[in-house]
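Undergrad: So the chains spell out like this:
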Amino acid sequence: MAAHDSQPPVLEADNICKSFGDTEVLRDISLAVHAGETVSVIGSSGSGKSTFLRCINWLETPTRGAIRLHGELIGRRADGLPMSDKLMAPYRARMAMVFQSFNLWPHFTALQNVIEAPIQVLGVSKDEAISEGEALLEKVGLSDRASAYPYALSGGQKQRVAIARALAMHPSLMLFDEPTSALDPELVDEVLTVMRDLAREGMTMIVVTHEMRFARDVSNRVMFMDAGRVAELAPADRFFTQPQSDRAKQFLRFQE
Amino acid sequence: MTDLEIVIAQWPMFLSGLWMTTQLLVLGAIGAFFVGLLCLYLLNRRSPALERMTLLYIDALRMLPFLMFVYLLYYGLPSAGIQMTAVTASILALTFYHGAYFAEIMRGAWAQLPGGQTESARACGFHGFNLIRRIILPQLLARSGPMLGNQLIYILKDTSFLVIITVQELTWAASAVQSQYFIPFEPFVIAIVLYWLLTLLIELGINRMDAVAKEKGLGRS
Chain A
1 MAAHDSQPPV
11 LEADNICKSF
21 GDTEVLRDIS
31 LAVHAGETVS
41 VIGSSGSGKS
51 TFLRCINWLE
61 TPTRGAIRLH
71 GELIGRRADG
81 LPMSDKLMAP
91 YRARMAMVFQ
101 SFNLWPHFTA
111 LQNVIEAPIQ
121 VLGVSKDEAI
131 SEGEALLEKV
141 GLSDRASAYP
151 YALSGGQKQR
161 VAIARALAMH
171 PSLMLFDEPT
181 SALDPELVDE
191 VLTVMRDLAR
201 EGMTMIVVTH
211 EMRFARDVSN
221 RVMFMDAGRV
231 AELAPADRFF
241 TQPQSDRAKQ
251 FLRFQE
Chain B
1 MTDLEIVIAQ
11 WPMFLSGLWM
21 TTQLLVLGAI
31 GAFFVGLLCL
41 YLLNRRSPAL
51 ERMTLLYIDA
61 LRMLPFLMFV
71 YLLYYGLPSA
81 GIQMTAVTAS
91 ILALTFYHGA
101 YFAEIMRGAW
111 AQLPGGQTES
121 ARACGFHGFN
131 LIRRIILPQL
141 LARSGPMLGN
151 QLIYILKDTS
161 FLVIITVQEL
171 TWAASAVQSQ
181 YFIPFEPFVI
191 AIVLYWLLTL
201 LIELGINRMD
211 AVAKEKGLGR
221 S
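Those sequence lines, one after another, are chains A and B. Quick note: the first sequence, position 24, residue 24 per the numbering used here, numbers continuous. Quick note: the second sequence, position 45, residue 45 per the numbering used here, numbers continuous.
Bear in mind the hints are in silico, worked out from the structure with no lab data behind them. Treat the hints loosely; a few may be bogus.
Derived DEER-like restraints, expressed as beta-carbon distance ranges [what the hints assert, rightly or not]: (1) B:L38 <-> A:S30: 41 to 47 Å; (2) A:S125 <-> B:T199: 43 to 49 Å; (3) A:S44 <-> B:T199: 55 to 61 Å; (4) B:G115 <-> A:N15: 26 to 32 Å.
Even for Gly, the Cβ is constructed at its ideal location relative to N, Cα and C.
Extracted from the complex, chain A is given alone in its bound form (with noise of 0.2 Å):
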C-alpha cells in the first residue's frame, strides 16, 4: 500500500456509532479504503452491515463519528448539524450506490434510467449522457435492453441496469448493498461477474454481501461484523484460511 502513502485513503470512516432510540447498531465502527480497493464487509444478519454502508453516504445519519471522503469531512456542516440533502448532493454523486432491490426508476426505460442522474445532477449534455448510457450498458451486457422498462428485465438485468446507472455517475467509490441477495440463485453470477471485472479495472469499491466466494476471490480486505462492531478486519486470503476471533472462525463454519 506505499503508493497510497502520499494521498489520503478515498474514505474513511471514523469511529461511527448509530443507535436508533435504546438500540445500538454501530458502535465505534472504523475503516480506510484506498484507491483500487474492494473491501467485504461480512457478518451474520442484524450485525450492522447495512446501516454501516448507509451511514458512508449519509443515507443514514451516524449518531457519532466522521467520514472523510478524499480527506474532506461530509455530512456534517461546521455548526454540527446534518448537511441537507442538497449539500450532501455532489458527495452522493461521487460514492454510487447500488442496493439490494435495484430500486431503479420504473417509469423510465433501463437507458433513461442510467442518464438520469447525470443529466439532472451532473449536468451532463443529453447527447453525451445517451452516447455513455449505451456504451455502459454495452458493459454490462444489456446493450439489446436499452429501451425496456424496468418490469420487463430479470432481476440479474435490473441489477446489471443498476450499476450501470452507478457507473454513470462517474463515482470515486462504489457502495453496494447485498447485490446478490435478492436474485434468484441461476442470476447471481452474471451480477458478480461484472462487479468481479469493475474490481480487476481498479474501481474502489464497499459491498456488503452473503457472498463468500466473491469475497474471497474478489476483495483486498475483509471486514466482519459482529453485534455492530468490527470483529476482524483482514486481507481476504488470510481472514478465510487463518480467521483470528472465534466469532469469526464460527461464521465461517457456518458457512461451509
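Guided by the hints, dock chain B onto chain A, whose structure is given.
TA: Quick look at chain B alone, frame taken from chain A:
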C-alpha cells in the same frame, strides 16, 4: 314553441356558462395540482415544523365545507381589507380547497411507492423539487389516476356552488333561463347533460393516462 325549444334558443347563455365552468375547472385544477405539489415538497423537507404546518393546512381545509370556504374568501376577506372579484375568489377557493385533497391523494400514493426509489434517487444526488418532479411525480400520477380523476369531478361539481357568489357559470345560466321564462325543468336538464359531458371528458383523459402508465408497466413490480 315548446318549452324545450324556448330553452334551446337561449344556447348562447348556456355556452357562456359552460365556458366559465370549464375555465374554473381547468384553472382550479391546475392551481390545486400545484398546491398539492407544494405540500409534497414541504412535507419532504425533513423539517418537523414545516411538516406540522402543512398537515394542519391539509386537515383544516378538508374539514371545511367548500361553500363556507368560498364565503370566507369572498365575504370575509374584505373585512381584512382584501377585495377580489367573484371569479378570482372562486379560482382561489378551488385552488386551495382542492389542493389539500390533491396533497392527500399524492401523499397516499407516495407512501405506496417502494421506498427504495426515493432513496436511490437521493443516493444519486437528487434532492428537493427536482427529485419530486423527475422521479416521484410521474409515478404518483400513473398510480393515482382514478383518485385524481375523481377529485377533478369533485372540482367540477363544486364550481356549481359558485353561482351563490354571482359567478356566471353553467348553473347560473340554467337558473337564469329558468327564472326568465318560468320553465322549471328543461334548463336544468340541459345543464346536467353539459356537466355530464365534461365529466366524460375528464374520464377520457384519465383513461389515456392509465393506458400510458400500463404501457410502461407501472403498477407492476
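Undergrad: Determine for every hint whether it applies to the structure shown.
TA: Going through the hints against the structure:
| no. | hint | in the structure |
| --- | --- | --- |
| 1 | B:L38 <-> A:S30: 41 to 47 Å | holds, 43 Å |
| 2 | A:S125 <-> B:T199: 43 to 49 Å | holds, 44 Å |
| 3 | A:S44 <-> B:T199: 55 to 61 Å | holds, 58 Å |
| 4 | B:G115 <-> A:N15: 26 to 32 Å | holds, 29 Å |
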